[in-house]
Amino acid sequence: MSGEYGALAAKARAIYGRRLTAADFSALIRKSSVAEVMSYLKGTPRFSSEFASVNELTARRAQIESLLERSLFEIYGRLLRSAGGGDDGFPKFMFFKYELDVIVNVSLYILIDKQESVIAYLPFYMEDLLGFELAPLGKIKTASELPAAFADTDYADILVEHFGGNKTPKVDLFLRDMNARYVDKMTELAAEDISGDAKNEVIGLIKAQAEIDNLLLIYRLRSLFKEPSTEILPLLLPIRAKLPKGVAQSAANEHDADAKVLALLKKYYFKDKIVCDLNNIEVSARKYMRDRCARLLHMSEDGAAVMYALMRLLDIEKHNVITVVESVKYALPVTETEKMLVN
Amino acid sequence: MSLVSIEGPLKKVNRALRKCRESGCFHIMPAAESADSSHAGPRSFTRLKDRNTYAQLLKRYQVLASRLGITLTKSDFSSAENMSSGGDFDAYAAKVEHSVENIMKQREDLIADADNLKQVVRQLEFLEGLKTDFRDIFPMKTVKIRFGRITEDGFKKFDFYKDKPYIFVKFKTEKERLADYIWGVYFTPTAVSEEIDEIFRSLSFERVRMPDFLEGKAADERTRLISEIEAGNKEISRLDAEIKAIAGRHTKAFNSVYSKLESLYGAAALRQNVSAAGSRFYISGYVLARKSAEFERQFEEIGDITLMFVPPSGKPDDNTLSPPVKLRNNVIIRPFEMFVRMYGLPEYGGIDPTPFIALTYMLFYGIMFADVGQGLALSILGFILAAKTKFALAPIMSRIGLAGAAFGILNGSIFGNEEILTPFFRYPTVYSALGLSEAPHSVFSVSAALIIGTLGIGVVMLIVTILMNTIIATRRGDYESGLFGPSGLAGFVLYGSVIVAALAAVTGNSILNPVYVICLFLLPLASIFFKETLAHKMKQRDKRSKLASAANDRRLSEAIKRVTTDGAVFELSGCGYVGCRYGSLSLEGYGKLNRFSSLSFCFFPTETDGYRVSGYYAAPNRYFPSTDRLMTLLGFRDERSPYDNDDKKLTAQYEPPAHDEAAHHEKPPLGEFLIGGFIELFESGLSYLTNTVSFLRIGGFVLSHAGLMLVVAILAEKAGAELSPGWIVVMILGNLFVMGMEGFLVGIQALRLEYYELFSRFYSEGGKAFQPLTADFIVN
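From first to last, the protein sequence lines are chains R and V. Per my numbering, the first sequence starts with residue 1, numbered consecutively. Per my numbering, the second sequence starts with residue 1, numbered consecutively.
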């Protein structure tokens, strides 16, 4: 089926060709204000049309993030339309991502009693693509209303499990179940709809991301928050890619878990290709995914796989731009910002 | 090409650099520093790394020129010759700036005002739906009014706040790329304005602050402001004219001063290529040998500048200090240098393949594009483009077009018409030699002979290039390629004997016998198989003789009578007082010393550790700095002499270094050697075949040209009778199409033959281009 999307590959590569370059980021991090950053971005081929109407003098970080998100949505929509739209194959992978994002964000706002933030957040521009209506979400007041609001989604049972009845919701476990479902769904979709080497690579990417997320979670909770392993192990996604069975879990039990995580990442993922230490572990993880996605984008003949790689790469670019905006806003030294960029 | 070392007092370095720039024949080399700072002695060289003090001034002048509308042109700066310090240039710039200061200020204020007004006008455009006067809105105390825009996404969220005390009035929709903005104004009681403002902010409402000088309705105010902008623009135009008039008065003097400043800047920018030792500077580079004397004369007026010229030996293997390469060819073949540069320049002293490529390229192109009319048209187009533009291919087009026309005469084709001239295949001698009783109708009837003929061209070309490689590589000392390789003597014997045997077989004669096979097939094959081993043996012999030659400078040791290493001064028999320095040279640097045997210095080797040769070098005082410079370039390291106060050891006999490539020549395992050898043999055999067959494309294009023109002729006939308008149009368009497509393809295919089939057999690039400094503006 994915062969039908072969024509997408060229278009996706062309879009990636317009990405911000290392020289662009080098210039951006040397800007002295967010307005200058926006002004520069408006002059790039990548964002010239997207940001044309933005008033750089009044642009705020949240607005920029929203615009970047909207930009990705527009690109995705264009690619999907050129692939014929209406199909339920793998190219619709972003629907699950958008659904996941909306459900998680709305749930979190409700759980912390920020109903007004739900309204501000609701992305009406993508309403037509989602499996539920957005307007009723702005009227939700309590967590117990959430299962009904998302009853028609693939995540309904998880919402019932965590928010149904009078149980006190455990946010961490809710997020773990949501992410695990998302990874399962994506893996299933790729297995059904993509063939050949591209299938293995896409599934490998999805699982590798989940496994790396597990390792980074261990690193964060043990190294930064000094959490005991008993608190960490239940939060790990039940997914394994390259690591032998139980290795990630045993790393969480180690006294020097952070060093163990670093060693595992180096051994199974970064090898000698990505230089990494404990100070840049998360950036290195993104670099690793960037390299794999870029390879998939350039090497694969499967349109859906290339489209997936593109969206991942553009997401990394979005992350870079937000990093630049925040760094400029808080006047971080250029050398520090450079370390946080993946380019 | 001569290597020149320029030496002088540091305070004159900028003047010397200016002379280098203005000479137009000096290729500067990067500054050499002492190879290893840990070994640097008191006289070690350092590179000048100071800031270019003219950079800021130059930028200031450029900005000023841009503001005044002065076009910067290179001018005679004799009137500004006395200006040299930053203060001089600063003062002149300030004088010019002062003359336009007030006008520029007025102009900038007007532009700033106009920009502000334009912003307001743009915003008012979206508020045209507002029918109330601004003067009635601004004074309101109990109601807050906010103008601005909101995304459609945010607009949809107003429903959630229906019960809140505000009114939003929608004006006009701006269709944007990402978000469709809706312009409008909201009113809210002052008492709750903070809460409402917060809600609108959370919905990404972008507030636009309207200036308080607005009074009437939005549409009327917009019209009024547009008029004000136009009035302002008129005033700006008037000021521009005034500035232009003032600038006109300054232009000549300004360009003169700028040219002087640029000259100083350009010279100072070259300071990074200057070495310094103590209070002396050293510049190295290459000068065209025929311009050496003229170049030297330019420095006479500065005074106290010494130039030392060293002509490289010119041997093909002499890469001493890597002299740059300047190709020199006559005007006819010079355009083809472009193809050589694209492939890579030859090494200094190597063979310039431009004449070869010019001749063979015109031959291949001419045969493949053989049409008198089209060839002449291409040639004329080439001449016109060459005269009007700098298009590098244009001169080549003019020449290959003529070649096409010449072969077109042989081919009997004028714009595809083969009736006016007689094609070669209709000559009785030709067609009867091909065994035909009557003249063939078209070239297709003799296609087999044509194909064989082009194969013959290929064979001849390959033999020529193999012979060329045999000579060139052997001269270079590359025996592996020149004598024993597939493109060397062994290859020539093998390929030639195979061709002869094949010709004999085709003509019904068999010359294959055991002696022929063993001597002409197997021996060359064995040579190719064992080429590395054979070449290594020869190199060893060669190296032994070179080492012996290098060691001969020990004779100079006999001239040394007394040495004091601390004072670096000793008496040398017959030379008066000389300078002396102790240190070490790499074996490679030591091997190159004998190439400078004509210079007034000597190197006295004392010992070697197998990798470096330690010893003293000495030269008369006046040549000592230049010798220092040369030795540094050769990688000499200053070291403390182990023989201080022990001059007896200076007479120690120097032995040629024990370090030898032979000791490091690792033999591969037998299996690897055999497999590698057989694969290489197979590749060589295959390359003879593919390279030869590759020339078939020449014949192929002759046939394709005939085929394409046949199609054009048929289409023209269908368009109308001969010379009818339709026929003429089709013939013109058809010829243009064939010329464009075929001319392009043939050009690529001919170049492919040159690069892949011919160059790969005999040519080794690796030279760097001679790029003389110029006094042209380097920043403009």
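For the record, the hints were derived by calculation from the structure and aren't laboratory data. Since we're looking at a predicted model, the values are computed, not measured. Just so it is clear, CB atoms sit at the ideal spot from N, CA and C, and this is done for glycine as well. There's no promise every hint is true.
Below, a sample of chain V positions facing chain R; criterion: calculated Cβ distance under 10 angstroms [unchecked claim]:
1. Ser204
2. Arg207
3. Arg249
4. Thr251
5. Glu301
6. Asp304
To give an idea of the chain V side of the interface with chain R (calculated C-beta under 10 angstroms), a few residues [said to hold, decoys possible]:
7. Tyr161
8. Asp163
9. Tyr181
10. Val192
11. Ile196
12. Glu198
13. Ser202
14. Val208
Checked hints:
1. Ser204: Holds - the Cβ of Ser204/V comes within 10 angstroms of chain R, reaching about 6 angstroms at its closest.
2. Arg207: At about 8 angstroms, which falls below the 10 angstroms cut-off, the nearest Cβ of chain R leaves the hint on Arg207/V intact, so it holds.
3. Arg249: 37 angstroms, violated
4. Thr251: Cβ of Thr251/V sits 33 angstroms from chain R, so the hint is violated.
5. Glu301: Because about 46 angstroms separates Glu301/V from the closest Cβ in chain R, which is outside the 10 angstroms limit, the hint is violated.
6. Asp304: It is violated, given that the least Cβ distance between Asp304/V and chain R is near 46 angstroms, above 10 angstroms.
7. Tyr161: It holds, given that the least Cβ distance between Tyr161/V and chain R is near 8 angstroms, below 10 angstroms.
8. Asp163: 12 angstroms, violated
9. Tyr181: Given a least distance of 6 angstroms, the restraint on Tyr181/V holds.
10. Val192: 15 angstroms, violated
11. Ile196: Cβ of Ile196/V sits 13 angstroms from chain R, so the hint is violated.
12. Glu198: 9 angstroms, holds
13. Ser202: 4 angstroms, holds
14. Val208: 8 angstroms, holds
Checked against the numbered hints given earlier, this structure breaks hints 3, 4, 5, 6, 8, 10, 11; the rest are met.
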